[in-house]
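Given the coordinates of chain A, work out where chain U should sit on it, guided by the hints.
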Amino acid sequence: MAREKTIQVTVNGRAFEKTVSVRRSLADFIREDLHYTGTHLGCEHGVCGACTVSMNGRSVRSCLTLAVQADGAEITTIEGLRNEDGTRHPIQQAFLEGFALQCGYCTPGFLITAIEFLEENPDPTEAEVREALSGNLCRCSGYQAIVDAVMSMSGKPAPENA
Amino acid sequence: MKPAWFDYHAPDNLEDALVLLGDAGIDGRVLAGGQSLMPMLNMRIVTPSVLVDINQIASLNSLQAGPDELRVGALVRHADLMRNPAVREGWPLLAEASNQIAHRTIRNRGTVCGSIAHNDPAAEHPSLLVTLDGTVVAASAGGRREIPAEDFFDGMMSTSLEPGEMVVEVRYPRPRKGACFGFAEFARRLGDFAIAGAAVMATMNGGVCEQARLTIIGMGDGPFRARAAETVLAGSTLDAVAITAAADEVRSAVDPGEDVHGSSSYRRHLAGVMTERALEQAMTRARGDGNG
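Which chain is which? The protein sequence lines are A and U, in order.
FYI, the numbering for the first sequence is 1 to 162, going by this note's numbering.
FYI, the numbering for the second sequence is 1 to 292, going by this note's numbering.
Read the hints as simulated data drawn from the structure, not as lab findings.
Any given hint might turn out to be false.
What the hints assert, rightly or not - Listed next, the in silico BS3-like pairs over lysine-lysine satisfying Cα-Cα at most 30 Å (straight line): (1) A/LYS5 with A/LYS18; (2) U/LYS177 with A/LYS5; (3) A/LYS18 with U/LYS2.
Unchecked claim - So these bits of chain U aren't anywhere near chain A, every CB distance computed over 12 Å: (4) ASN13; (5) GLY25; (6) SER36; (7) MET38; (8) ARG225; (9) HIS261.
Cβ coordinates follow ideal geometry from the N, Cα and C atoms, glycine included.
Isolated chain A, as found in the complex (with noise of 0.2 Å):
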């Protein structure tokens, strides 16, 4: 029947091969199917972002994408963002010493977001950042210090990755 699809998809340059149910979305698949958790879910109809994954080098969220949708397809999760030798992603250090975070069941939408924002504009205005980050909400941190963080990265050479 059409109620099950086999899908690949590669995941932080992981290859996997799975059937899934159709309904399934794209998150759940990422967390449940793939086990890689740090991908989050909040309100699960678009609109807190904390589920935003890349694409294909798009930032999408993955609550309102289907994992069927996703064939083909090349991901990048929080887990993708590490360097190979371990340490952590410029943006990913810009947050830890700014106090970007404190519960961080935000952050990984945020990164997604932010990597894909500075690869297309590496030296934003506040107001861009700010733009551009809308689409993310916390609930922690009063957004100020998100919005610096993301501001010290500016005219950085644009990070790799996602």
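Then chain U, alone, in the frame of chain A:
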């Protein structure tokens, strides 16, 4: 949160998609960007039994700017439209307003045609299509038809699409020489649905507005064409008096409902303010280089 069961199809050509949609009738839905449909599925506001995912149909991922018109296929995302150099130059209203649609991740997936087929009264694209006097190309297994924008939108979240029919393309005529644009919308937070907005195309000739097309967003029933205000603007120089008079006409013409985001009178007030802001942009451009 899970959608109810559906049969999922991802055909790689339009003909197969149209047959599937025709067979499904009112139980079928088209999945394009999914940025409106997926939340509705997740919350079970809609429970279609057949989902036809068109993302594999390469022919629908087509964006063509010709001498006479812009053709936007059903898989063109907001992010594609706003970054396209030909669109930015020839249809700047589309590029500028697309930048105000929701958030970056939504713009990466959401499609222009999907927004038009969905006809959310707070959405930008239905009103932009009306402002630019565009056309919807709808297709079904039985054939194709072209529907002028103003005949397409049919009340809140409703269009003249028939069961088994889908939007395959929208077309925007190339604006006439001297066309100037303005766009303004208001939301309480960046990226939220607009509480009110206004889009205008004013065609100027020798400093005088020959024709204006003004559409108001967020008034409840989909795009609202402000004809009385357009009449006031035609023949004016888009001066302050004309702009104020046009905003007054908008305030008396719209009839917005109330919801959690604002009262009827607040939306009415905002419709006037957004009209003024959009017209002031157009006026500034008219007095600048004459390009929008």
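Legend entry - U/GLY25 and chain A, when compared Cβ to Cβ, separated by more than 12 Å: Check passes; 17 Å lies beyond 12 Å.
Legend entry - Minimum Cβ-Cβ distance from U/HIS261 to chain A exceeds 12 Å: At roughly 14 Å from the nearest Cβ of chain A, U/HIS261 sits farther out than 12 Å, so the non-interface label holds.
Legend entry - Status of U/ASN13, Cβ more than 12 Å from any chain A Cβ: The claim stands: U/ASN13 keeps its Cβ more than 12 Å from every Cβ of chain A (closest is about 17 Å).
Legend entry - Consistency of the no-contact label for U/MET38, given chain A and a CB cut of 12 Å: violated (4 Å)
Legend entry - Pair hint outcome, U/LYS177 versus A/LYS5 [Cα-Cα no greater than 30 Å]: Not OK: U/LYS177 and A/LYS5 at ~52 Å, beyond 30 Å, violated.
Legend entry - Given pair status - A/LYS18, A/LYS5, alpha carbons within 30 Å: Holds, because 8 Å separates the two Cα atoms, which is no more than 30 Å.
Legend entry - Minimum Cβ distance from U/ARG225 to chain A greater than 12 Å, as the annotation requires: Holds, since 30 Å exceeds 12 Å.
Legend entry - Straight-line alpha-carbon gap A/LYS18 to U/LYS2, limit 30 Å: holds (19 Å)
Inset, instruction - Report holds if the minimum CB distance from U/SER36 to chain A is greater than 12 Å, and violated otherwise. - result: violated (9 Å)
In this structure, the earlier hints numbered 2, 6 and 7 are contradicted, and the remaining ones agree with it.
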